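Chains as they are written, first to last, in my numbering: chain A, 694 to 862; chain B, 694 to 862; chain C, 694 to 862.
Treat the hints with care, since some could be wrong.
[Unchecked claim] Below, a list of computed lysine-lysine pairs in the BS3-like style, where the Cα atoms sit at most 30 angstroms apart: (1) B:K857 / B:K839; (2) B:K857 / C:K837; (3) A:K839 / C:K857; (4) C:K857 / A:K837; (5) A:K857 / B:K839; (6) C:K857 / C:K839; (7) B:K857 / C:K839; (8) B:K837 / B:K857; (9) A:K839 / A:K857; (10) A:K857 / B:K837; (11) C:K837 / C:K857; (12) A:K857 / A:K837.
Bear in mind the hints are in silico, worked out from the structure with no lab data behind them.
From a predicted model like this one, the values you see are computed outputs, not experimental measurements.
So you can see what is in the structure, the chains are spelled out below.
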Amino acid sequence: MALTLEERFREVEDRLEIYNLIASHPPSADTGSGEYTRTVWTEDGTFDRGAQFPRPTGRDQIAAGSSNPEHRRALEQGIAHVSGHPYVRVTGDTAFAISYLQILVPDRVGPIFDVPNHGASGGFHIHRVSANRWDFVRTEEGWKIKSRTLRPLDGTPEAREILKGALVG
Amino acid sequence: MALTLEERFREVEDRLEIYNLIASHPPSADTGSGEYTRTVWTEDGTFDRGAQFPRPTGRDQIAAGSSNPEHRRALEQGIAHVSGHPYVRVTGDTAFAISYLQILVPDRVGPIFDVPNHGASGGFHIHRVSANRWDFVRTEEGWKIKSRTLRPLDGTPEAREILKGALVG
Amino acid sequence: MALTLEERFREVEDRLEIYNLIASHPPSADTGSGEYTRTVWTEDGTFDRGAQFPRPTGRDQIAAGSSNPEHRRALEQGIAHVSGHPYVRVTGDTAFAISYLQILVPDRVGPIFDVPNHGASGGFHIHRVSANRWDFVRTEEGWKIKSRTLRPLDGTPEAREILKGALVG
Numbered sequence: 694m695a696l697t698l699e700e701r702f703r704e705v706e707d708r709l710e711i712y713n714l715i716a717s718h719p720p721s722a723d724t725g726s727g728e729y730t731r732t733v734w735t736e737d738g739t740f741d742r743g744a745q746f747p748r749p750t751g752r753d754q755i756a757a758g759s760s761n762p763e764h765r766r767a768l769e770q771g772i773a774h775v776s777g778h779p780y781v782r783v784t785g786d787t788a789f790a791i792s793y794l795q796i797l798v799p800d801r802v803g804p805i806f807d808v809p810n811h812g813a814s815g816g817f818h819i820h821r822v823s824a825n826r827w828d829f830v831r832t833e834e835g836w837k838i839k840s841r842t843l844r845p846l847d848g849t850p851e852a853r854e855i856l857k858g859a860l861v862g
Numbered sequence: 694m695a696l697t698l699e700e701r702f703r704e705v706e707d708r709l710e711i712y713n714l715i716a717s718h719p720p721s722a723d724t725g726s727g728e729y730t731r732t733v734w735t736e737d738g739t740f741d742r743g744a745q746f747p748r749p750t751g752r753d754q755i756a757a758g759s760s761n762p763e764h765r766r767a768l769e770q771g772i773a774h775v776s777g778h779p780y781v782r783v784t785g786d787t788a789f790a791i792s793y794l795q796i797l798v799p800d801r802v803g804p805i806f807d808v809p810n811h812g813a814s815g816g817f818h819i820h821r822v823s824a825n826r827w828d829f830v831r832t833e834e835g836w837k838i839k840s841r842t843l844r845p846l847d848g849t850p851e852a853r854e855i856l857k858g859a860l861v862g
Numbered sequence: 694m695a696l697t698l699e700e701r702f703r704e705v706e707d708r709l710e711i712y713n714l715i716a717s718h719p720p721s722a723d724t725g726s727g728e729y730t731r732t733v734w735t736e737d738g739t740f741d742r743g744a745q746f747p748r749p750t751g752r753d754q755i756a757a758g759s760s761n762p763e764h765r766r767a768l769e770q771g772i773a774h775v776s777g778h779p780y781v782r783v784t785g786d787t788a789f790a791i792s793y794l795q796i797l798v799p800d801r802v803g804p805i806f807d808v809p810n811h812g813a814s815g816g817f818h819i820h821r822v823s824a825n826r827w828d829f830v831r832t833e834e835g836w837k838i839k840s841r842t843l844r845p846l847d848g849t850p851e852a853r854e855i856l857k858g859a860l861v862g
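Starting from the given sequences, assemble the full structure and let the hints guide the process.
Dropping the structure here:
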């Protein structure tokens, strides 16, 4: 069933709104803005980083992750979440995105991240690269994140399963 | 000659469709999805990575690259293609894009990629960075890739020639 | 006050035009195209990279930065500016964006960048990562950059202040 021009136009605006939602994530992570994080998740949202990490449920728990001492220490040492160009698909009142995320840290930062210290240069190294799937829903207050799942691209199959979501045509 | 509102709107939708085509490339590369690759190229598409690499012609040859043993081994060891924010221009039934592409591999992965092994951390290093030019055409089955040319940004002039395509205003 | 459909549509086109402006920056930097740089800044534009760098004012001074000998040498040794997925917000005749920018250089390139030389591989390392704020204005010749401010994400608070601009909802 073909969409009306009005519906097509709304889909375009939705797409752009979701582009901004994804683009806001690295700034929220790199500033530790729990308050902002609360506003962009649904009340029952879920954030799944794999079995070795806690799996917060609900925007309050997810936002609380921003204020833990380890995260604060990372912010003070220097950290940058960098999002690649995301794949985004909107279907009515739901949408999803597949994106790559790099976490970069200054070379001078050593053992806390369990990465080699490449010396006292002004450079950065790549702490982690992950495949991310985001599911969004339209609410009365705009688009919100309903769930996010990420896995490191380390050769294990889970990350590849996430990436296949971008190959649906 | 000014475009009609309808034509302007179609150009916006085209632009967004091409954004998704570019965003699907890293997932298709990192999952080795030859089947998907076949669907997004024209039948006579060309893929040019420079004189030292084979230059496949046609979507069958291009898709076959996904299933070679070296590429499979890379997927199992961990690999991430990450696309920067692309420049895209649509003109009627053709379009082109200029994009940067990073290839990242886990630090623990050594000689196969001919890069230094930075230790057994969970980090990644940058195997290669390239400038990419994509040419697209509108077909009855949607936008397809007609040609893609990439060159490493290693100081040789070829990559800079590709990048100049994004400076046409 | 709700926007008309015409105004909403123009905002979509503005957004896409600004996406391209941001996407053209790395190609202009990596080709040293002062001529292009002149065309995308306002006459009184300002470019602020922090206290330790010169702060050019006006598009002529900003464009002149592309042709200095140190920058030329970097181009010949290999350099890649890579933009992450940007946050962009348009409001009438002004707009702003928040973006992450990586500067990558070949591993073989040593002391000029004051970074460790990771060996003679074909790989790259990250010379710098910065938070960028761009302010744009609509002019009779299209959208132009009025100011750009960047700070390295090295743990100092300035970069985090820039990033907060993407959390305005």
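Quiz item: What are the numbers of the hints the structure violates, in ascending order?
Solution: none
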